[in-house]
Each structure stands twice: as structure tokens, then as C-alpha cells.
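The chain contents come next:
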Amino acid sequence: MHVQTDVHIYHTLRSPVATVRTAISPIMHTRHIPSFLRRAFSVSKSEKLTSLFGRAVHSLAKIGDELYVEPGPSGISFRTVNAARSAFVCFHFGSGFFSYYDEGISVQKECSISEEAVKCKVAMKAFLNSFKSLATLERNVERCKLIIDGEEARLGVQLTCRYGIVKTYNLSFIECETLQAVYNKSGCTNYIQSQSKVWSDVVVNFQPNQEEVTLCVAEEKTIIRNYVDDEPDPLKAIHTVLTMEAGEFDGYDISAECEVTFCLKELRAVLTFAEPVNLPVSSHFSAPGSPIIFVCDNSPVFEATFVLATLSKKADSQIARSQAVNRQASQTTQYQAISGISSCLSPTTVKHGSPVLHSRGSEHTSPRNNEYIEKEHNFEVGHSLVHGESSLSGNKPPLIVVNENKSYLGPESLSLNALHEDSKTLPSTPSPPAKKAKFFSRCFDSTFDPKCIPGIDRILAEDSDDDS
Amino acid sequence: MSQVRPGDGKDYLLFAKMCNSKNVLQLLKAVYFEDVATLFGSSNGLKVTVEVAKSIQANAFIQHDIFQEFKITEEVTTFKISLKSLVECLSIFGVSSSPGVTPSLKMYYDGHGTPLEIILEEGGVVTDCKIRTQEADDTLDFNFTNTGVLNKIIMRSEVLKEVFSELDTSSDVLEILMSPDAPYFRLTTYGTYGTNHIDMPKNSDMVEHFMVKKTMSQKYKLNLLKHCNKALAASQKVSVRTDDRGFLCFQFMIKTEDSHICFVEFFCCPEEEDDD
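Chains C and L, in that order, are what the protein sequence lines are. Note that numbering that gives the first Met the number 0 gives residue 386 to position 387 of the first sequence, counting from 1, and the numbers run on in steps of one. Note that numbering that gives the first Met the number 0 gives residue 4 to position 5 of the second sequence, counting from 1, and the numbers run on in steps of one.
The hints are simulated quantities; they were obtained by calculation from the structure and are not laboratory data. Hints may contain errors.
Straight line, CA to CA, 25 Å or less: simulated SDA-like cross-link-like pairs of lysine to any residue [claimed, not checked]:
#1 Lys-236/L to Thr-159/C
#2 Lys-124/C to Thr-168/L
#3 Lys-160/L to Gln-157/C
#4 Lys-47/C to His-196/L
#5 Lys-144/C to Asp-180/L
#6 Lys-124/C to His-196/L
#7 Lys-124/C to Glu-150/C
#8 Lys-218/L to Cys-215/C
#9 Lys-225/L to Val-165/C
#10 Lys-160/L to Leu-127/C
#11 Lys-124/C to Ser-170/L
#12 Lys-151/L to Tyr-162/C
#13 Lys-144/C to Lys-236/L
#14 Lys-61/C to Thr-168/L
#15 Lys-144/C to Gly-190/L
#16 Lys-218/L to Phe-143/L
#17 Lys-236/L to Asn-139/C
Sample of chain C residues lacking proximity to chain L, with all beta carbon distances greater than 10 Å (derived) [what the hints assert, rightly or not]:
#18 Ser-73
#19 Lys-118
#20 Gly-186
#21 Ser-193
#22 Ser-195
#23 Ser-199
#24 Lys-220
#25 Asp-252
#26 Ser-298
#27 Glu-461
All residues carry an ideal CB built from backbone N, CA and C; glycine is no exception.
Start from the sequences and build out the full structure, keeping to the hints where you can.
The structure is reproduced here in C-alpha cells:
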């Protein structure tokens, strides 16, 4: 049963590719809906927009495992965040995107309470399952209907396809609070706008396994290069540098030179959505450490916001050559966490290392490696970048070296020592503390006497194998 | 060559000759989901039967008129053979060949205990294969009679192909509902992410024949029905029938390379519901 609002208006589709439907406004009679009844919500879309929606879902699926759905009066939002909380995506589809939009808030004359529409989250894989094949979506699907059934805790996706076939996917959801990252787009000092094709052309130059890229902006030009991380010998790494003039972008407003480093995979997720629909992408960023925000804006029809964390820069830094062990553990933990991710989410449990200085060649994992730190607002990552003056010239080996222990750390816990490129003069690491000494200390305690265990003299069963 | 061939005076129990072995290969591949098959030879032609778990049975009918020559000296002959070896032998010349050149096939079987002999020839190259045969076991008789058929839908295969490929594989069962009222024909899966339905109305362009007397809904093991995928992919039309016991019969109409119409049928028994 659907909750009806007082008036149903069929919106004309604002997208130029969709068929235009004339607006009709039949007045439906108000139904008496007691407050305990479930809230339903249904939208439908036209053919071309369905494949656009499918791309949005694919883009979301590249980032997170859970999809937060929040219908509202002006439209519906789909949000997700990645496991490391370093990327947040929000797709907002305005009510004009749909041919029919009912967000399920019942307006009743009898009841003064206006209930909110159901906010829920579903498994990303489950939702993606319905939109799995983009080719099929384009070819076959004529209409798509989304229904959120609050009473049965069910999100329904109904695809009407060619030949009259109707596919219905019923997913169970969990009610939850709003997922929102705290970021300030208007407070960003730097702004670049370009066609998504420009970004695609940039991205294609990087190795497929390239994790991070650095965007260095200056007044007249921009340099994008791959971020070399933890390479024992910088000379052996592949360095990719792209230089672009300011004029190649549609919009370019840089208040101060800066460099931000973010995850390339997440940028690819942005382009998964933006490129096929040929939308301009605007990027907003400030300084390293504060997030970079990519926006595909086609308001009020839809708007996509991707908030990616960037590597933070420390004035004085730790340098160490990281080892494979630590790298695996901390691969996704090297970004400044996006502050203020809603506290209803479980605290991030991320392994982190101590700020103890390590030199090259050390395989040391610090004793604090297994501590967990809860994510709080404005956490800084103990991840440092050191730039030599010649880092952009490419003549010298790059001086970007990275803290071995990348993770979330409180600012006060950092004990930083500046080091220079010549790490041969570093003193060697002290020997690793015996882990077992910490965890099983009592077993190695010489004063431990097995006979002192309480109850040892209490015999519960006699020795049946009597040797006497 | 020392081997004796018909025409040399000796009559084989079963002899078949075909200009293009790909016709046979196509039909055999449609039922190739198990290693072992039972071959039945009769004056009608050949029937290849493959069974799994005593729950699903596939039959490929290679009728006598698609052969150039088909001779059988007894009324009926039956043997068990490795379908894997048979398919491999018939594929020995590979997939691609220059247009107009096809591998020709000669098949010989001389009765109980003798191997099935296959001679393939393409462009002057001759391949001689002998595949051991075994005593045939009894095959299941699903007792699926035309009179027992309650519901029958004939549709074009392309739509069912797509639908089957998108089925939620995390579901153990596939529920098939056929009804004279909406939703007419519904496939349901119960997977880890939820319940999915795929509905096809009776007036769809893809449905050629819709005869449903009674609403029936039965569950079948999805991993058994998956064996139909190859036959479904090769076919142009499929007929879906269920009888009053809930047994399911798919009949796939396959057009061979030489435009012969052949049929492959699948029988599947329903999943027992444990609602005690």
C-alpha cells in the first residue's frame, strides 16, 4: 500500500534526452493514514535516465559496501563511504529526475506530526545486483521503480524491460541515521572545472595499479604526477608527470599554489559516472590534509559529490622506508580521515603504528601496532611528506619519502624528526621488542611456578595408570 | 588400411554418415554437462541421454533424416559411452574452417562390447577414433506424458537466455510459477540479498503460445537447471511444460548448421517442500 500525498503531480522530465511528458495534476483524495502504518516511497524513471542511474550505482559500488538511502522532500540521496573513511560519495537525485516521486511523508489533517521518510541502508552488492549489467540497462530496461517499504523493511527495485518483462528485486534494509561527511565546499580556496574527458585523458596515463596521484596547482599551470610511496629506491619507480596549462580547463581559480595527493582509484570512480554522461567535473580543494571535492552538478535534476581525503603535510616529518608488512596493514589508512563522519557509524578500527622513528631496512613493527583508535573529528594522519626543493624537476631522485607507519594518529602522539635524503647516516633501529614478552610475559617470567597455580593440589580423578 | 568397412561386405550393427559433423557436435554439446551418456540407436535415429543425480535428464534427438546415410540392422541398440571423449573426437578439427569445407563423419558400431568408431575427414585429413563403449544402465523414465501436461508456454529463447544468465546464483532454488492470471509466468529466486522475481506477461511479443490451465508453482534446484544453459543458448525456441506432479520439461528447438530442426529436451523433478 502506498502512502499518498494530497496532490500528485507528474513532473516533466527535465533531462533533454528523455521524452517530455505533459504535466498533469490530478487531485487525489486524502486518505486517512494512521501514524503507525508503513511509509512507502516510489519513483519511476525513463529509459535513458535509468542507465544514468545505473552508472551512479556502479560508481557508488566502486567506493563503499553499504548504500545509504535517504529520501527527502526535494529528492533522494544515495550515499556511501569507503571502509577507511577516506572517500565519501553522495548522489542526490532531485524530484525532477523522476517521472513520479513520492517521498512518503504523509500529510494528514488529523495528525500534527509529520513523520519523516524512512532512511535506510542496504548492502551495496545487493543493490548493484539489480543494475549489474549496464549494457542490459541501456538495451532492455524501459522503466525503473524504487520502493521503500518501511513496514516490511524492504527496498524494492522494479525494472520494466522490453517485451513486457518485469524484474523485481526485493532487498532488506536496515534503518539508520543520515550518513554525512563534514566538509566545506564553499570554504575551498582552489577550484578547477573541466570536462570529464580532460580528467579521463589524464587518468589514462597512469599505471593501472597506481594508487595515489598528486595534483600540484600553480597560477598558470597544473602538474599531475603519480605519488611514489614507500619505494626503497626511488630511481626504480616509474614517475609519471603531466603538465597542463591553466587554459586547458574550463574554470581555473587558484588562490595559492598547493599540492594535494589523493587516491586515483576514487577519481576513477568519479569518472565512471561523469564520463559516459559527458558532464563537467568541478574540483574544490584547499590545502593538503583537507579533502578534495569533485562535483558533477546537473542541479536540480541530479548532483554527484565525491569527497576524497588527501594526504596531510607535516612541517617536520618522519622518514622511513616502509616495509611490505606495514604497507599491507596500512594501505588504506594513510589519508586524513574525513572529519565528522556521522557518529552512528561504528568507530573505525584501524591498526596504526607508533611514531617511533625507523630507518631504512627496518622490519620493525612497533608495540603499539595493535592498538585501536576511535575516529574522532579532525583527526590528523601521522603521514608526512617531505619535499625537496627539486622534487618537481625530476633530475634528482625524488625526495618524497613516507612515514613507515601510516595510520590515524592523534597530533600529540607524533614525535617527529626531520631527516634528509641521505639516510645512510641514520643510526640503525634498535632491536624489536619481543612481542611475546608483552603478550605472554607471565610465561617467560622466571618466577612463574606451575605448582603455584591455585587448585593444582586438588585431585579430581585418580591416576588410572598406576605405575607403582 | 586393414579395417573393414561396409561396402567391403560386412554389415555393421549401426552405421551413420553425415557430411557435416558439426550438426551432431552442436547437439551433443547442448547436453554435455556430464561425462557419461547413454546412446540409443533405433530406426528413428540416435538419442543421446545424459542424467545427473537422478533428478535431471537431458535427451538430444538426432533424427535419421539429418544423416546422409543411416543404417541399423537391429530394432534398437543401446550403449553407454564417454560423452567427453565423443565431443572431443568430433571437435578434433577445431572450430574454424574455411567456408564450404566441413568435416564429414562416419560412425560405426558393431554391437555389445565393440567400440564406437568415428572417422572424420576434412580437406583430405582423416582422423580415426575408437571410443570404448559400456553396457548401458537403465535411464530414468520421468513418465512425462502429453496427457498429464497441465501448463505449456512456448517462447523465443533469447529472452529466457538473458533471464537465466541474470538469475541470482546465491539462491538454491528457482521457483517457477505459471498461472492463467497475473503474473502469468514468474521465476523467483531466494538469494542472500533478497527475493527476486522475473515476470513475463502472456501477451509479450516473446511468447508464442500460452496454455496454462491451472496455477502451479514449483521449486527446482537451480544448479540442476543451470545445465540447460548450453541448450538454451543454442536454441531458437523453447517450450516450458509442467505436469500435474510438478515435473518440468524444457524442449529446445535447435537449428543446426545445415538448417535441420532438432530437439533437445530436459526433464527435471521438483524440489520437495519440507513444510511439516
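Results of checking the hints against the structure:
1. Lys-236/L to Thr-159/C: With Cα atoms ~23 Å apart, Lys-236/L and Thr-159/C stay inside 25 Å; holds.
2. Lys-124/C to Thr-168/L: holds (13 Å)
3. Lys-160/L to Gln-157/C: holds (20 Å)
4. Lys-47/C to His-196/L: holds (23 Å)
5. Lys-144/C to Asp-180/L: Holds - the C-alpha atoms of Asp-180/L and Lys-144/C are around 23 Å apart, at most 25 Å.
6. Lys-124/C to His-196/L: holds (17 Å)
7. Lys-124/C to Glu-150/C: holds (23 Å)
8. Lys-218/L to Cys-215/C: violated (60 Å)
9. Lys-225/L to Val-165/C: holds (21 Å)
10. Lys-160/L to Leu-127/C: Distance ~21 Å between Lys-160/L and Leu-127/C Cα, so the pair holds.
11. Lys-124/C to Ser-170/L: holds (15 Å)
12. Lys-151/L to Tyr-162/C: holds (19 Å)
13. Lys-144/C to Lys-236/L: violated (30 Å)
14. Lys-61/C to Thr-168/L: holds (22 Å)
15. Lys-144/C to Gly-190/L: holds (21 Å)
16. Lys-218/L to Phe-143/L: Holds: Lys-218/L and Phe-143/L sit about 17 Å apart, inside 25 Å.
17. Lys-236/L to Asn-139/C: holds (20 Å)
18. Ser-73: With a cut-off of 10 Å, Ser-73/C remains clear of chain L, as the shortest Cβ separation is near 28 Å.
19. Lys-118: Check passes; 19 Å lies beyond 10 Å.
20. Gly-186: holds (40 Å)
21. Ser-193: holds (37 Å)
22. Ser-195: holds (29 Å)
23. Ser-199: holds (29 Å)
24. Lys-220: holds (48 Å)
25. Asp-252: holds (44 Å)
26. Ser-298: Check passes; 32 Å lies beyond 10 Å.
27. Glu-461: Its Cβ never comes within 10 Å of chain L, the nearest being 50 Å, so this holds.
Violated hints, listed in ascending order, are 8, 13; each of the other numbered hints is respected by the structure.
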